[in-house]
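J.: If you want the building blocks of each chain, they are given just below.
Number of protein chains: 2
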Amino acid sequence: MVHKLLLLTRENCHYQTLLQQLALPELMLLDDAPTAICEADIWLAEPALAAPLLPLAHKLQWLQSTFAGVDKLLTSKSRQDYQLSNIKGIFGPLMSEYVFGYLLAHCRQQQLYREQQQQGLWAPAAYRSLQNQTMLLLGTGSIGSHIATTAQHFGMKTIGMNRSGRPTASFHQIISEIELAQALADADVVVNTLPASAATTEILSAERLNCLKQGALLFNIGRGSAINLLALHELLLSRPDVTAILDVFPQEPLPANHDLWRQNNAIITPHISAPSFPKQVVQIFADNYQRWRCQQPLQYLVDFNRGY
Amino acid sequence: MVHKLLLLTRENCHYQTLLQQLALPELMLLDDAPTAICEADIWLAEPALAAPLLPLAHKLQWLQSTFAGVDKLLTSKSRQDYQLSNIKGIFGPLMSEYVFGYLLAHCRQQQLYREQQQQGLWAPAAYRSLQNQTMLLLGTGSIGSHIATTAQHFGMKTIGMNRSGRPTASFHQIISEIELAQALADADVVVNTLPASAATTEILSAERLNCLKQGALLFNIGRGSAINLLALHELLLSRPDVTAILDVFPQEPLPANHDLWRQNNAIITPHISAPSFPKQVVQIFADNYQRWRCQQPLQYLVDFNRGY
Numbered sequence: 069m070v071h072k073l074l075l076l077t078r079e080n081c082h083y084q085t086l087l088q089q090l091a092l093p094e095l096m097l098l099d100d101a102p103t104a105i106c107e108a109d110i111w112l113a114e115p116a117l118a119a120p121l122l123p124l125a126h127k128l129q130w131l132q133s134t135f136a137g138v139d140k141l142l143t144s145k146s147r148q149d150y151q152l153s154n155i156k157g158i159f160g161p162l163m164s165e166y167v168f169g170y171l172l173a174h175c176r177q178q179q180l181y182r183e184q185q186q187q188g189l190w191a192p193a194a195y196r197s198l199q200n201q202t203m204l205l206l207g208t209g210s211i212g213s214h215i216a217t218t219a220q221h222f223g224m225k226t227i228g229m230n231r232s233g234r235p236t237a238s239f240h241q242i243i244s245e246i247e248l249a250q251a252l253a254d255a256d257v258v259v260n261t262l263p264a265s266a267a268t269t270e271i272l273s274a275e276r277l278n279c280l281k282q283g284a285l286l287f288n289i290g291r292g293s294a295i296n297l298l299a300l301h302e303l304l305l306s307r308p309d310v311t312a313i314l315d316v317f318p319q320e321p322l323p324a325n326h327d328l329w330r331q332n333n334a335i336i337t338p339h340i341s342a343p344s345f346p347k348q349v350v351q352i353f354a355d356n357y358q359r360w361r362c363q364q365p366l367q368y369l370v371d372f373n374r375g376y
Numbered sequence: 069m070v071h072k073l074l075l076l077t078r079e080n081c082h083y084q085t086l087l088q089q090l091a092l093p094e095l096m097l098l099d100d101a102p103t104a105i106c107e108a109d110i111w112l113a114e115p116a117l118a119a120p121l122l123p124l125a126h127k128l129q130w131l132q133s134t135f136a137g138v139d140k141l142l143t144s145k146s147r148q149d150y151q152l153s154n155i156k157g158i159f160g161p162l163m164s165e166y167v168f169g170y171l172l173a174h175c176r177q178q179q180l181y182r183e184q185q186q187q188g189l190w191a192p193a194a195y196r197s198l199q200n201q202t203m204l205l206l207g208t209g210s211i212g213s214h215i216a217t218t219a220q221h222f223g224m225k226t227i228g229m230n231r232s233g234r235p236t237a238s239f240h241q242i243i244s245e246i247e248l249a250q251a252l253a254d255a256d257v258v259v260n261t262l263p264a265s266a267a268t269t270e271i272l273s274a275e276r277l278n279c280l281k282q283g284a285l286l287f288n289i290g291r292g293s294a295i296n297l298l299a300l301h302e303l304l305l306s307r308p309d310v311t312a313i314l315d316v317f318p319q320e321p322l323p324a325n326h327d328l329w330r331q332n333n334a335i336i337t338p339h340i341s342a343p344s345f346p347k348q349v350v351q352i353f354a355d356n357y358q359r360w361r362c363q364q365p366l367q368y369l370v371d372f373n374r375g376y
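Chains as they are written, first to last, in the working numbering: chain A, 69 to 376; chain B, 69 to 376.
Keep in mind that a hint or two might mislead.
Note that identical chains are pooled: a pair holds if it fits in a single copy or bridges any two copies.
[Said to hold, decoys possible] With a straight-line cut-off of 27 Å between C-alpha atoms, the simulated DSS-like cross-links for lysine-lysine are:
no.: 1; residue 1: 225; residue 2: 156
no.: 2; residue 1: 127; residue 2: 156
no.: 3; residue 1: 347; residue 2: 145
no.: 4; residue 1: 156; residue 2: 145
no.: 5; residue 1: 225; residue 2: 347
no.: 6; residue 1: 225; residue 2: 145
no.: 7; residue 1: 127; residue 2: 281
Derived by calculation from the structure, the hints in this document are not laboratory data.
Every value quoted in this text rests on a predicted model; they were computed, and no experiment measured them.
Please work from the sequences and hints to get the whole structure.
T.: Here's what the structure looks like:
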């Protein structure tokens, strides 16, 4: 049986080349004609591009997301009559690069030394190593676990928060949400990696944000909805000791006139902590396609009820 | 037998407090009077402060350096009639923080996103992850090995250069100096961790520096003498694709009027990649002191002939 594939990404040309190189058996890559939406049984797609077209996807059986986050496909009215798989395993290392790049730049005072270089000034300053600092990770999935492993390599204590509170490898300690306020007060670095869902919306509320320790660094690389952004902005205004490094926002792009762009103790990046590199995505797709043909269970299947 | 200890550091007060807390048996901490130099049999000292006073150190038997680099005590005319130990094991993690802080800041385009934030501009840019990049480390001792371990954690290929060319754990490949030019041409990131010695002086000569790969990053966290600084400066002028991150220099402080301060593709820091934290140094000293009392071999003894 020949399967018909629809590509829906912002890098379709790149994906086409990679798929043609693989020459997957019995897979026909449909062209961009609107009729393709009705004909394809397999979609390889970015969630935000796929979501509005799903009502027309009469033959859709399997959608392989090119992203980890599939919340755009999981609204209350969304279809659930197909198999949805996402991307796992490739984002942890990229997000670790992002987190430790900014964390080390901060702890090792790169900005201070940049300013001193401009003045030709040789002046060593005291600092605190990452060793023995505490990192709290919200989310203990493949991304959170990978970042925790990096943190342990740098001698940090790692605490993870998940729903169950059950122990998980790569964390020194696991807590559940009821212990979150205390954990926020104890952590030197807080990293949110949670997916968007009803349970995670504004999990970092105004009240909890106020618990942050003196000098804390707060990363958001999960979803913008996890933080009450207005409360965070107020906190940053009143507490210059806190630094927020934000890669995701409730509305993306963050509007050009938003005051947060000009907040000194906020670092804003345009959702770049872990882009989907097409080559890696296509490898995962190819592997799943072979499973699909053999009627084996797909890897990284999303549970429509849990939301990840 | 009571031993008499002379402290010679820029943080004597801090060291005094730490030593008093430990209350090491039969150890008398001499005060700062000039006569202490003649009386002490044990010195806990910074090499540069100790070197000019050694001719007066009539009772010196053991000098515990507070630094890893002891080249100031190893000139051709230096005394060799005492035991010299240095500090090992604590600098690798600190230097890894330094190297990966600057490496990730560069690869993940922190400067670009800082500028875009100032303009309120949301514009993701393409980048290359550390994964599959090649790091060449000059020196495969405890510092080089630790940095290589971090590099492997980030998915990099690690090549080490040492005298023997013998395989060493934490490196994918080991080369000897005759293969250095080719290795420089292949490496995305080059990190010098070598100590100062006749064999390492200007090991990165003008000719070898010219081998550096397009877009290469060159770190010097070993000793300034390892690089022909004039040749490096000329290279940076003619090749804006190369970036040098320099923490050590032939003359320190780097003179305020040196042109390198204003070189755009040079990052200059004031020898801060791995300061000796007194608490860690005192732990190593205390351990060695117990060995000394029991006439056991000291840890981290320096070979006056090898120079490390």
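J.: Against each hint, give a clear statement of whether it holds in the structure.
T.: Hints versus structure:
1. 225 <-> 156: both (25 Å within a copy, 23 Å between copies)
2. 127 <-> 156: Within one copy, since 26 Å is at most 27 Å while 65 Å is not.
3. 347 <-> 145: So residue 347 and residue 145 fail the 27 Å test inside a copy (32 Å) and across (60 Å) alike.
4. 156 <-> 145: Within one copy only: 25 Å inside a chain, 61 Å across chains, cut-off 27 Å.
5. 225 <-> 347: Between copies only: 20 Å across chains, 34 Å inside a chain, cut-off 27 Å.
6. 225 <-> 145: neither (42 Å within a copy, 47 Å between copies)
7. 127 <-> 281: neither (52 Å within a copy, 51 Å between copies)
Hint violations for this structure: numbers 3, 6 and 7, all remaining hints satisfied.
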